[in-house]
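Student: Below are the chains, spelled out letter by letter.
Protein chains: 2
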Amino acid sequence: MQRRSFWAWGLESEEPTLQERQEAAAELSRRYGVSLVAPPTPVETDLQLRPPRITLPASMEPFCSTDTYDRAVHSYGRSFRDRVRAFNLHFPNPPDVVARPRNEQEVEQVLEWCSGHGYAAIPYGGGSSTVGGFEPPADSDGVVTIDMAAFDWVLEVDDVSRAARIQAGSYGPALEDQLRPHGLTLRHFPQSFQYSTLGGWIATRSGGHYATNHTHIDDFVESARMITPSGVWESRRLPGSGAGPSPDRLVMGSEGTLGIITEAWMRVQARPRYRASAGVTYPSFEAGADGARHIVQSKLWPANCRLLDPGEAQAAAGLDGAQALLVIGFESGDVPQDEAIRQAVKLAREAGGAINDDDILVSGDAGTRTGRGGAVGAWRDSFLRAPYQKNVTSGMGVVEETVETAITWDRWPQLDGAVREALQSALDRMCRGGTVTCRFTHVYPDGPAPYFTFSGLGRVGAELEMYEEIKQAASDAIIASGGTITHHHAVGRLHKPWYEEQRPGPFGEALKAVKRTVDPSGVMNPGVLFDL
Amino acid sequence: MQRRSFWAWGLESEEPTLQERQEAAAELSRRYGVSLVAPPTPVETDLQLRPPRITLPASMEPFCSTDTYDRAVHSYGRSFRDRVRAFNLHFPNPPDVVARPRNEQEVEQVLEWCSGHGYAAIPYGGGSSTVGGFEPPADSDGVVTIDMAAFDWVLEVDDVSRAARIQAGSYGPALEDQLRPHGLTLRHFPQSFQYSTLGGWIATRSGGHYATNHTHIDDFVESARMITPSGVWESRRLPGSGAGPSPDRLVMGSEGTLGIITEAWMRVQARPRYRASAGVTYPSFEAGADGARHIVQSKLWPANCRLLDPGEAQAAAGLDGAQALLVIGFESGDVPQDEAIRQAVKLAREAGGAINDDDILVSGDAGTRTGRGGAVGAWRDSFLRAPYQKNVTSGMGVVEETVETAITWDRWPQLDGAVREALQSALDRMCRGGTVTCRFTHVYPDGPAPYFTFSGLGRVGAELEMYEEIKQAASDAIIASGGTITHHHAVGRLHKPWYEEQRPGPFGEALKAVKRTVDPSGVMNPGVLFDL
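Chains as they are written, first to last, in my numbering: chain R, 1 to 532; chain G, 533 to 1064.
Please note that a few of the clues may not be correct.
Quick look at which bits of chain G chain R covers, simulated, 3 or more residues with Cβ under 8 Å [to be verified]:
id, stretch
1, 629-635
2, 758-766
3, 773-780
4, 880-892
5, 973-985
6, 1030-1041
7, 1046-1052
Derived by calculation from the structure, the hints in this document are not laboratory data. Beta carbons: idealized from backbone N, C-alpha and C, even for Gly.
For reference, chain R alone in the conformation it holds in the complex (with noise of 0.2 Å):
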């Protein structure tokens, strides 16, 4: 079995090559006009951690480790901070032991064995958290990360009612792969598709594949079951129901705080037969903007409508710096999209969009094509790629990072210029000048999902003090401008202060009460989301 590196992007094999890293800063020396030289990656051997603070019982031993790479992989998720620290090899807190439960039993002696002796328990799904998620308490005498990756299996397939029982420890390549011989699909695909498992995108809202309607993983769950401990809380398999609150919707979200989910059914698709995409040109990101949103508006719900701001566009697909580019696909297994992706054009054109008929690709025929049906290919690339290119230039001082958030249409204009104001003043600051592009990864009837990236070269040894002035700057301008401080990245510990001041008071308090209901010792992910 391939290991995952414990500082970079994906397994110890995909780490860059020394080369790699050596281009790489040569071609950030020219970009920026300074010299820099690129250190090298840390290597297993040269971690240090603390020793495990806890004893193991004998009856536990079988399926947990206590093994220094083991702790310090679980130690981190994957953000901008996470990845300086661990190449840094910065672990002052790693976990005490990973648990790997076999079985639901063992996940109730994990929970048994920290309540009784107040260790922090905590849910680790594929590690891809940006927000910490799954990082360990500061303030806890003893933490054992329970790692789900052995609950593996789609248990179930119902081909009439297309759903599936899978487990939550499922990756999504290892879902898809079983779901496959069935004709089926779950179509959930967030950029941290390889790495992530069905339990975490539910624990932490994930967002996926479909950019309009069904856009967060909250919408495929026909039912989840969940350990806590205090009992399983398990819902009933419905289409849909209207018997007092939904008790999914409060599993979605509860990031680990509540208990260990352990399965789900899914509402899964068909796999796609029919397909068309487009994509169009604006003169502007604002001009974009109309455009995806009077086709989210018409309800002709693409599973693609991804607006590039002319700086995403540029870099991710070839345009001319000036340009904003809309992407939009649809797909089905069932009907042809031919006339979707005619009306979709047509309503993109009438907002000013431009795009040759003889670019709109259908059905068939994609791959044969260029022109902006290249720029399409070139984008989702560019997409699945993006996680690892950070690998290369790790340790050189630069400081990026992605932030994201959701805004109703009539204000998304003004939250646009504070956040990109905020973070470009910052970049100016900290790092003499940056990048500050944008993105909608979803589209609403009701208003964007704006993304954010940006990117600066600071100093060396200094990138956590500058990424964290950044970060302030940008989620005080979303919480003021009336965003939300995470459209799809969770809020974790990362963006706890901003949660609480975004949240309805009394229903801060009512999920602190939740958690001391069915988490009475407090051991669930303690720390995350909110503070008792």
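Based on these hints, arrange chain G on the given structure of chain R.
Tutor: This is chain G only, laid out in the frame that chain R set:
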């Protein structure tokens, strides 16, 4: 201002005439081979209510009433049980006070007064509950029903985001009247549309106009504002968010147990310009279900996709009693629906459905067509007339009601059989026979929402006992078959025993913890949804 009838659906002026009731008695006598007489309908002067048990403070007098008619109207919803009891002038437990707060300060004043004295505080919208959703608790020493009718205004319209801030006491027709000049519509048309309110819809997770995709009011709520005894619970206006569990989803379905919803930002629609519809016949309900399933799984998302079993298709649309009818409708404010209906009809036919091309109605030509297009129209009229028709037979021993649920497609045949069998055998026992029919009110990719109607002739004076045995049998069958005790009628007092079986155990405890936190005196609608 026209007054509501205290016993019948609708206004006093809409109560049936003696002649209408005599004709109905004659018709029932013919149908059942008995000799029925229409008893006189009750009038206001017949009402004998327990005097109010509590004394209003002077400061509340301007907006509170202890009038007998007011207290009678606010005693019961409009279920079968409610109509029988009201018709029989059986009002043993009316509210003591009907408050009509004119602003949020007065809402807070009422809740404070109730919290201080331990009086039950019962939110009241349009009074259309069929589940005892606002029926006063039997064990309370004082009951204040809070009628939100003064909160009847659309406060803001955001044309760009297609959203509107609407006060919770707004009735369906009033809020549509205020949206119409903006070219907008909420398009939430439950059968109770005329006598139900936005706040009631949100509190009970009402099911509306759209038969697919966004079916419940839930999906149209952008943000909600609720006054709890512990303060204001208000979410941000957001098109989507992934920050913690959704605060709105805990308000939806709370049925007045946590607080009073005062307003909400709602997602509204462009008024439809393009329409298309078709009525497709099938040789059986099962075959029609296959047709509905294929259409909804294709994600064409028709606004209407309602399947009537042969009994309903005969009664509502004049079919032959052997065929089922699938009513398919598309509508859009933005794009023509010709291709959508063509694709849906193709799928409907592939599943064995029959329709002539001439009977597919497209935008503009509705109303001028006959045939199955006529069947579509007949069904719609019948849907809106239904609640009034029950007024006509009140007091004649008819036992009739609807029972609704949702279930995944794989388990639907079993549930359909079990519920029909339970209803029919209970009707046979209680009423020496009767009719059971079913339609799908909403359909999802993973299952339908079946809606059963039963009717029999019981014994005058024993209708309630007979009804309760029938309802019990059907509800037991639903829960045993894996369904939900309600898809869109809510839990209230009526469904509580089955809801307790259905909901996840720890979630039930969590709900109670939330209640204790935001309503520490336990005054909000006690005994509805759950017992503390």
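Student: Now tell me, hint by hint, if it's right for this structure.
Tutor: Right, here's what the structure says about each hint:
Under a criterion of three residues with beta carbons nearer than 8 Å to beta carbons of chain R, the stated coverage of the stretch 629-635 of chain G fails, only 0 such residues being counted. Taking a C-beta to C-beta cut-off of 8 Å, the stretch 758-766 of chain G contributes 6 residues in contact with chain R, enough for the three needed, and the coverage statement holds. Against chain R, the stretch 773-780 of chain G contributes 7 residues with a C-beta closer than 8 Å to a partner C-beta. That satisfies the three-residue criterion, and the hint holds. Counting residues of the stretch 880-892 of chain G whose CB lies closer than 8 Å to any CB of chain R gives 0, which falls below the minimum of 3, so the coverage claim is violated.
Look at the stretch 973-985 of chain G against chain R: 7 of its residues bring a Cβ nearer than 8 Å to a Cβ of that chain, three or more, so the hint holds. Residues of the stretch 1030-1041 of chain G lying with their CB closer than 8 Å to a CB of chain R number 8, which satisfies the three-residue condition for coverage. Counting residues of the stretch 1046-1052 of chain G whose beta-carbon sits less than 8 Å from any beta-carbon of chain R gives 4, enough to reach three: the coverage restraint holds.
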